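K.L.:
Residues per chain are reported as follows:
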Amino acid sequence: MSAKSYLEETHTAFGHPKSKILQWLLTIDHKRIGIMYAVVMFFFFFVAVGIGMTMRAELWEPGKQLVDPHTFNQLFTLHGVIMIFIFIVPGIPAIFGNIIMPLMIGAKDVSFPRLNWANFWLYVIGCIVALFSLWGENGFADTGWTFYAPYSLTTSTNVIPVLVAAFLLGMSSILTGLNFLVTIHRLRAPGMDFFKMPLFVWGIYATGWIQLLATPVVGITLILAMLEKYFGIGIFDPAKGGDPVLFEHLFWIYSHPAVYLMILPAFGVMSEIIPTFSRKEIFGYRTVALSSAAIAGIGYLVWGHHLFTSGMSDLAKTIFSFLTFFVAVPTGIKFYDWVATMYKAKIVLRAPMVWALGTMITFVIGGLTGVTITMIGGDIHLQDTYYSVAHFHYAILGGVVFLMFAGMHYWFPIITGKMYNEKNAIRAFALIFVGFNLLWFPMFIAGYYGMPRRYFDYLPEFAIYHKIAFVGGVMLVIGLLWMFYNLIQGWRKGEPSGPNPWNATTLEWHLPMAPAPLDNHTKVPYVDFRPYEYKHGEPVVKFDYETMRRID
Amino acid sequence: MAHEYVPEVAIDREGNEHLVQGWQDDYFGGKMGFWLFMFTEVMMFSAMFLTLSYYYTLHPQDYTEASAHLNRLLGGFNTVILLISAWTMGLGLLKMRSGDVSGAKKFILATMFIAALFLVVKGFEWHEEYEHGIFLGHGHLIEEGYPLGKKLFYGMYFTMTGLHGFHVLIGIGLMIWLLKRINAGKVTPEHHILHFNIALYWDLVHLIWVFVFPYFYMIGAAHGH
Amino acid sequence: MATNEQTVDTALYEREKGTYHKILIGLLILTAITFVQPHLFLAHATFEAQLLIGFAKAWLIVAYYMHLKSEKPVIGIMVAFALMLVLFFFVTTIIDVHHFQFTDESYITNGTLK
Chain A
1 MSAKSYLEET HTAFGHPKSK ILQWLLTIDH KRIGIMYAVV MFFFFFVAVG IGMTMRAELW
61 EPGKQLVDPH TFNQLFTLHG VIMIFIFIVP GIPAIFGNII MPLMIGAKDV SFPRLNWANF
121 WLYVIGCIVA LFSLWGENGF ADTGWTFYAP YSLTTSTNVI PVLVAAFLLG MSSILTGLNF
181 LVTIHRLRAP GMDFFKMPLF VWGIYATGWI QLLATPVVGI TLILAMLEKY FGIGIFDPAK
241 GGDPVLFEHL FWIYSHPAVY LMILPAFGVM SEIIPTFSRK EIFGYRTVAL SSAAIAGIGY
301 LVWGHHLFTS GMSDLAKTIF SFLTFFVAVP TGIKFYDWVA TMYKAKIVLR APMVWALGTM
361 ITFVIGGLTG VTITMIGGDI HLQDTYYSVA HFHYAILGGV VFLMFAGMHY WFPIITGKMY
421 NEKNAIRAFA LIFVGFNLLW FPMFIAGYYG MPRRYFDYLP EFAIYHKIAF VGGVMLVIGL
481 LWMFYNLIQG WRKGEPSGPN PWNATTLEWH LPMAPAPLDN HTKVPYVDFR PYEYKHGEPV
541 VKFDYETMRR ID
Chain B
1 MAHEYVPEVA IDREGNEHLV QGWQDDYFGG KMGFWLFMFT EVMMFSAMFL TLSYYYTLHP
61 QDYTEASAHL NRLLGGFNTV ILLISAWTMG LGLLKMRSGD VSGAKKFILA TMFIAALFLV
121 VKGFEWHEEY EHGIFLGHGH LIEEGYPLGK KLFYGMYFTM TGLHGFHVLI GIGLMIWLLK
181 RINAGKVTPE HHILHFNIAL YWDLVHLIWV FVFPYFYMIG AAHGH
Chain C
1 MATNEQTVDT ALYEREKGTY HKILIGLLIL TAITFVQPHL FLAHATFEAQ LLIGFAKAWL
61 IVAYYMHLKS EKPVIGIMVA FALMLVLFFF VTTIIDVHHF QFTDESYITN GTLK
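Protein sequences, first through last, are from chains A, B and C.
Mapped onto my numbering, the consecutive letters of the first sequence carry residue numbers 1 to 552.
Mapped onto my numbering, the consecutive letters of the second sequence carry residue numbers 1 to 225.
Mapped onto my numbering, the consecutive letters of the third sequence carry residue numbers 1 to 114.
No lab work stands behind these hints, which were simulated from the structure alone.
The structure displayed is predicted, hence computed values, not measured ones.
Any given hint might turn out to be false.
[Said to hold, decoys possible] Mimicking DSS-like on lysine-lysine, the simulated pairs with C-alpha atoms at most 27 Å apart in a straight line are:
| no. | chain 1 | residue 1 | chain 2 | residue 2 |
| --- | --- | --- | --- | --- |
| 1 | B | K180 | C | K22 |
| 2 | C | K17 | B | K122 |
| 3 | C | K22 | B | K186 |
| 4 | C | K72 | B | K106 |
| 5 | B | K31 | A | K196 |
| 6 | C | K17 | B | K186 |
| 7 | A | K493 | A | K423 |
Build out the structure end to end from the sequences listed, making use of the hints.
P.N.:
Here it is as structure tokens:
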């Protein structure tokens with residue numbers, strides 16, 4: 001048995017570099033690629049958090065504080081572009097889909113490791129192109145991350161480089177999804193059928209389909225916008241008969257499924273953590289798995305609810321409003337299943353579980369407020385107000401990013417072989433959770449009373465909400481820094497964790513060592529068991545780690 | 001640091017052996033991956049057809065008149081030769097699978113020749129449109145008062161035939177690469193997934209044209225010139 | 001491994017070659033129909049007729065040239081799923097633009113730039 005971990009040796013795309021740095025840059029090992037994604041993504045995440053806090057500081061009082069209105073427009077565009085295209089769309093799939101998913105199904109790597117490597121660099125190039133426009137002559141785009149035509153085609157700012165960047169990032173996302181789909185179809189351990197896969201893999205599978213089928217639509221939309229700008233093909237130019245509503249249709253055909261692309265793997269993380277820390281088999285495995293597929297399927301059909309105030313026909317509005325309500329059904333099924341899993345369980349309140357429980361609160365708020373703006377009448381009042389800003393951040397930051405943090409704590413031992421400081425992890429969670437709610441809950445109220453989003457200035461009566469939000473924002477940022485400090489310290493100085501510190505059941509916890517060895521499982525087990533089998537709080541399935549045969 | 005496939009078995013509780021699928025040399029996985037990739041192409045062109053249909057719904061009359069003006073002779077010629085090129089490409093793949101490598105190479109070359117011919121004809125056709133004052137950012141398309149539906153129709157015509165032509169160009173590039181790989185002995189009758197996938201790609205390029213052609217050239221054919 | 005077999009089989013070659021020739025002839029006939037249709041039949045519904053011929057041709061290409069018929073069903077299911085999605089995009093968007101209630105009030109939708 002090899003005693004070297006993936007951090008000590010690696011496979012490369014070509015050549016046999018001696019240099020450690022080149023080994024990282026050329027690696028085709030899915031675990032290392034996942035870590036590199038994490039490094040780039042969190043770098044940009046903190047940049048975008050900084051931009052967000054700059055905007056909050058600007059909004060401390062009515063009138064101008066820090067930046068002028070034009071810069072403010074660029075700031076929220078940059079914040080949106082980074083957070084959406086660079087951070088949260090690659091998000092959990094790029095990090096944990098890469099690192100954990102192959103381990104969960106007993107594969108040695110993803111199906112196309114070199115493509116995976118190329119995708120990472122395509123992603124990096126996309127990031128660079130996006131930033132490149134910051135230093136251009138006319139400054140970063142000021143259109144908002146949605147690039148609505150025709151303004152995006154007439155503004156003098158550098159919209160085109162951002163469109164190119166979004167296209168490259170989209171291509172990277174498509175090919176990553178493709179890679180995962182083939183991996184899940186082809187490389188499952190013998191005996192593991194679809195209903196023996198861990199639920200995180202189901203989440204990644206559903207996400208892969210969204211990446212594959214929805215992203216090309218926005219890709220071509222961005223290309224058409226570029227052609228419009230340089231060749232004047234006319235389809236987005238009202239002077240030539242182009243209809244701006246068409247741009248919004250095409251844009252949201254991707255961008256609405258994209259939020260399910262963000263949340264589905266996060267739900268997968270939740271479905272891993274809840275049974276492990278409840279020490280029980282998950283309630284309704286099949287319903288959780290199939291509801292992922294259902295959310296992905298229905299998610300394609302509802303984009304029009306972004307266009308309720310854009311000049312869509314009343315008939316289409318009714319259809320879309322009707323269909324949108326259905327998304328809440330599979331989501332609700334998942335929540336009931338998780339709660340039922342925890343019912344009468346001996347819950348172990350370690351950091352990943354605390355994050356998961358916190359998310360249950362914030363995501364329910366985010367999800368239910370989403371249902372309120374599904375109603376056409378309600379939406380016309382709340383569209384483009386702070387209400388939708390708060391809804392979106394509750395669902396995505398309070399849902400996806402919180403669960404990403406939960407996953408970071410949960411899978412930390414596999415990736416690093418160490419354990420972080422539990423107390424500090426809980427404290428950082430508490431600070432982030434309180435700060436998060438202070439930051440965004442007031443926005444629901446402000447939005448309900450009519451505070452429009454993306455505004456540089458506001459009426460004096462909204463001052464109180466903005467002040468509370470700023471305080472919450474400061475707490476959130478301190479909490480984030482604390483959490484990352486704690487994790488980094490854990491990696492550097494933490495206690496060795498052993499391969500299965502949580503005594504969990506899924507395959508990624510049955511590796512011979514932690515951190516994971518280069519070629520994953522030394523021997524691939526035959527999977528004739530369900531992923532979460534516990535009896536009296538103990539895993540049912542036990543392996544002889546020499547032969548990977550069951551000995552229970 | 002080669003990453004060779006080491007055959008491995010998993011053993012179940014009865015002691016039966018089950019072969020573990022590696023990612024290396026996964027023929028079906030390679031096919032599936034390429035089918036999935038083709039979906040992204042289909043979605044891209046679908047979005048363009050959606051744009052085209054969107055404006056067709058608004059301006060049916062303008063569309064028919066604009067379509068009547070296009071050169072059906074050149075377009076039809078291209079349709080037929082592209083159809084034949086799909087056939088030669090398929091026969092090349094059959095040759096490869098039956099072990100006749102040099103025969104396969106001849107068919108690939110024939111396909112490349114037809115693909116290049118397609119682009120040349122396309123060029124003549126665009127040139128002719130240009131002469132009639134129809135081109136992006138030129139003539140009627142920037143003329144005030146020219147019917148909006150026609151502007152949109154021709155805008156999409158140049159976009160879609162252009163992007164389709166771009167795919168033809170990529171196809172030629174892929175076939176050159178394929179020939180190099182065959183000459184280097186990397187694509188063989190026993191290991192022809194690359195050839196298979198490029199043949200699939202070429203069928204997709206043909207497939208797109210099967211819809212581009214009637215939507216642009218034929219919907220106004222009943223109205224004549 | 002059964003799924004990774006890429007064997008050389010000449011009998012299969014002759015049979016598949018025959019299929020390729022037949023499909024080529026079928027496609028050429030359909031293309032010929034494409035050309036004569038506007039002058040022969042359904043001239044008032046050229047768009048629909050052309051689309052129908054297009055789908056017939058597409059079916060031949062996908063099923064035989066792209067070997068979907070002899071492929072494992074899983075790929076066929078994937079294709080069907082993707083196509084259903086495309087169909088939904090078309091139907092819904094066209095419903096929207098067709099039923100826009102203020103068509104006459106905007107030059108974009110009524111087509112007369114004044």
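K.L.:
Given the hinted pair K17(C) and K122(B), is their alpha-carbon gap at most 27 Å?
P.N.:
30 Å, violated
K.L.:
For the pair we were handed, K31(B) and K196(A), check the Cα-Cα distance against 27 Å.
P.N.:
Status holds; Cα separation ~25 Å.
K.L.:
Taken at face value, is the distance from the CA of K186(B) to the CA of K17(C) at most 27 Å?
P.N.:
25 Å, holds
K.L.:
Does K22(C) sit within 27 Å of K180(B), going by the straight-line distance between their CA atoms?
P.N.:
31 Å, violated
K.L.:
Mind checking the alpha carbons of K72(C) and K106(B) for me, to see if they're no more than 27 Å apart?
P.N.:
30 Å, violated
K.L.:
Mind checking the alpha carbons of K493(A) and K423(A) for me, to see if they're no more than 27 Å apart?
P.N.:
15 Å, holds
K.L.:
Taking 27 Å as the top limit, are the C-alpha atoms of K22(C) and K186(B) close enough?
P.N.:
Violated, at about 32 Å.
Checked against the numbered hints given earlier, this structure breaks hints 1, 2, 3 and 4; the rest are met.
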